[in-house]
Amino acid sequence: MTTVLVFFFILGGMALLGSVGTVASRNVVHAALSLVLALLAVAGLFILLLAEFLAIVQVLIYGGAITIILLFALMLTRTREGPVRLDNAQRRFALIGAGAAFAVLTVVIMVSDWPAPIDNPVRPGFSRISEVLFQQWAIPFEAASLVLLVALIGAIVISRPEKGERD
Amino acid sequence: MFPADLYLLMPELALAGMAIIVILADLVLKRRDLLAPLSLIGLAVPVALSIVLWLKLDSIDPHALSGFSGFFVVDYFSLFFKFLILGATALVIMASRESVTRFSRFQGEYYALIMMASGGMMLMAAATELVSIYVALELSALSTVALIALLKNSRSIEASMKFLILSAISSAVMLYGMALVFGLTGSTRLLDIADRLTSVSELIDQPALLLGVIFIITGFGFKISSVPFQMWVPDVYEGAPTPVAAYLSVASKAAGFAVIIRVFFLAFGSLTDEWALLFAVLAAVSMFIGNLVAIAQKNIKRMLGYSTIAHAGFIMVGLAAIGREGELLGPGVESILFYLVAYAATNLGAFIAVIAISSKINSELIDDYAGVARRNPFLAFALAVSLVSLMGLPPTAGFWAKLNVFNAAIETDLVWLALIGMINSVISAYFYLRVIKTMYLSPPASEERITADLPLKAALAIAVIGLLFIGIVPGFVMDVVETAVGTLA
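Quick note, the sequences are listed as chains A and B, same order. Counting from 1, one number per residue, gives the positions in the first sequence under the working numbering. Counting from 168, one number per residue, gives the positions in the second sequence under the working numbering.
The hints are simulated quantities; they were obtained by calculation from the structure and are not laboratory data. Warning: the hint list may mix true and false statements.
[Claimed, not checked] Partial list, derived from the structure: chain B residues whose beta carbon lies under 7 Å from chain A:
1) G184
2) W221
3) F238
4) F239
5) E276
6) M283
7) E305
8) L306
9) L309
10) A313
11) Q373
12) P374
13) A375
14) L378
15) T439
16) A443
Glycine included, every Cβ here is placed at the ideal spot set by N, Cα and C.
Working from the sequences, and respecting the hints, build out all of it.
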C-alpha cells in the first residue's frame, strides 16, 4: 500500500508541476511541453488505478498525437520569431479566481463523506472494456464520432477562405 | 440488446444521415438553391419517424421505451422536444435563403451543421445519462461555433471565439460537477442517481453533492443563456448570421430546458429545496438584467439578445415553482413546456421579420426601422405582433405563456417571484413598443418597397399564425404539454 502511495505522490507532483508550467510559462512551446509532462503523469495515475488500457490510450493519444498536433499548429501558425506574450493584465484576477476555486473544492471534498472504496478492485480485461464501450456506452460513443465529424467540418469552414479571397 | 434498441434512435440517426447527404449533394449539385429544399426533406424524415414512435407509444403502457442500457428514452416528453426542435429548424432553414448568399461557398455546410446541431439537441432531450447528455451538448455547441463564424468578418469570428471559449469553460465546470455526483452516487444514469439519493439518506447532506449540482447548473445555464452565464449572448447575436441567432435563441433554449427538467426533476428530485431556490434567484436576476440592459440597445439583434436572457428568466420561474408535498411535476413543468412552444413561434416570428427587413435596408439599427410599415405592411405587422407576444399581451401566445408561468409561481407560494415577473413584463413593454412606434409612426428614410422571398414569407406566416393560434386557442397546446409531462415520471 505504501509503495502505491509513494508513487501516487510522485506522479501527482509531476502532474501538478506540468499543469502549473502549462499555465504559467511565458513561452508557448514550453507550455506545450509542460502539458506533455502533466498528461504522462496522469497516465501513470491511471496505472495506479489498475486502468492500464486507459493509461496506454492516454500515452498514445494525449501524450503523443495531441501534443504533436499542438506543436505543429504552433509552428505553422506562428507569425513572428521569439517568445509570444501569453498573459495579460487579467493574470492577477485569474490567479485569485483559480485560488478561490481550489480552496472551495478542497474544503468541500475534505468535509464530504465519500462512499467507502472497493476492497478488492479487479483489473478489467480488454474484452470487457470493449463490451462495455460498444454496448452499454454505445450512445455517447457514437455521438462522440458525430462530434468529431462536426469539428472537422467546422474547422474547414472556419479556415477555408470565401470565394474571392485569396487561398 | 443493442441492435434491437436501434429503432429508438431512428429520428436522430436519420437526421445525421440526411445532414451528410446534404454535404455530399453540395459537391455534386450545380444548383445551390436546391440545398434548402433538400434539407427540409431531411427534416421531414425524422419528423415522420418521430410520429411513428409517438403512435407506437400510444399502444403500450407505460408510454415510454427505454433503451441502450437505460441511457436513452423515447417518451412523449422527448418526442415533444424533437418536434419543437425540428419545427424551429425547418422555419430557420426556410428563412435562410437570402442570408446564405453571404457565404455562398459554405451553403451545404451551413444546412448540414444546423441539422447536426439539431441532432445533438434531440439527443439532449432524450438522453437519460450524464455522459450522453454531455456529448450531445458538445455536438450542438461545436456545430454552433462553426455556424456563428460563417460570416468571416471580425465581429463574426470574435463572437465565435467567445462562444467557443465560454462553452468550453462551462462544459469543464459541468463535467467537474458530474464527476462529483458520480463519485458520491456511483452512477451516471439519472434513475440510479435518484435511487441512491433516496435510499442512502446521508448522501443528501454532503456538501460535495450540492457543489456538483451547482456546477451542473453552470453548464446548462450557459445553454439557456441565464445570468450569470449570459455574457456571450449579445455579441453572438450581433456577430452571427441572423438565422443562426434565431436558431440559437429558440432551439438551444428548448433543448437546454429539456435537459434541466429531466436531470433536476428526475435525478435530483430529492434536493428540490436547494435548487428551486437557486433557480428562483437566477430567474429574478436574469429578468432584471435582460430587460434593463435591453432598454439601452440601439441594435435590434442585440436588443433581441438581451430579451432572450430576460425570457430565460421568465421560463426559470417555472423551474422554481415546485409543487409541495412531493408533487414534483406539477404546473411548473407544464408552464415551461408551454412557454417554450409559445416562445419558439414568437421569437422566430420576430427574428425572421428582422432577417427580411435588415437585409434589405442594410442596417440593424432600430432607428433605421423608421417607417417600415409603409415600405412593407406585412413584415411590419408580423414583427409588431411578435413583439406584442414577447411583451405578453393578449390575444397572443406570449400572454398565456406568462400567465401560466406566473400562475404556477403563485400556486407554489412564490408570489414575490411572480410579482418580479410582472414588473419585468412592464419594463419590457418599453423597448418592444419603441420598435413598433418607430416602424409605424416615424417617417421612412425612403419610399422604396422592402421585398422578401416566398419561403421566408411562408415561414414568417407560419410563425405568426402559430403564435396567434396559441393565443386564441391555448387549450390545444396545453393538452399536448400535459401528455408530454405525463410520461416524465
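Consistency of the hints with the structure:
1. Interface restraint check for B:G184: the shortest CB-CB distance to chain A comes to about 11 Å, outside 7 Å, so the restraint is violated.
2. For B:W221, the interface hint is violated, the least distance from its beta-carbon to any beta-carbon of chain A being 21 Å, above 7 Å.
3. Interface restraint check: B:F238 against chain A, minimum CB-CB distance 5 Å, threshold 7 Å, status holds.
4. The beta carbon of B:F239 comes within 5 Å of a beta carbon in chain A, closer than 7 Å, and the hint placing it at the interface holds.
5. Hint status for B:E276: holds, given a least beta-carbon distance of 5 Å to chain A, under 7 Å.
6. The closest approach between the C-beta of B:M283 and any C-beta of chain A is roughly 5 Å, which is under the 7 Å cut-off, so the hint is satisfied.
7. The closest approach between the C-beta of B:E305 and any C-beta of chain A is roughly 5 Å, which is under the 7 Å cut-off, so the hint is satisfied.
8. Hint on B:L306 holds. Least Cβ distance to chain A is approximately 5 Å, under the 7 Å limit.
9. Nearest Cβ of chain A to the Cβ of B:L309: about 5 Å, under the 7 Å cut. The hint holds.
10. Given the 7 Å rule on beta carbons, the hint for B:A313 holds: about 3 Å separates it from the nearest Cβ of chain A.
11. Interface restraint check for B:Q373: the shortest CB-CB distance to chain A comes to about 4 Å, inside 7 Å, so the restraint holds.
12. Because the smallest distance between the Cβ of B:P374 and any Cβ of chain A comes to about 5 Å, under 7 Å, the interface hint for this residue holds.
13. Interface restraint check: B:A375 against chain A, minimum CB-CB distance 4 Å, threshold 7 Å, status holds.
14. Contact between B:L378 and chain A, as hinted, is supported at the beta carbon level, the nearest pair being about 5 Å apart and thus within 7 Å.
15. For B:T439, the shortest C-beta to C-beta distance to chain A is roughly 20 Å, which exceeds 7 Å, and the interface hint is violated.
16. With a cut of 7 Å, the hint placing B:A443 at the interface with chain A is violated, because the nearest CB-to-CB distance is about 21 Å.
In this structure, the hints that do not hold are numbers 1, 2, 15 and 16, in rising order.
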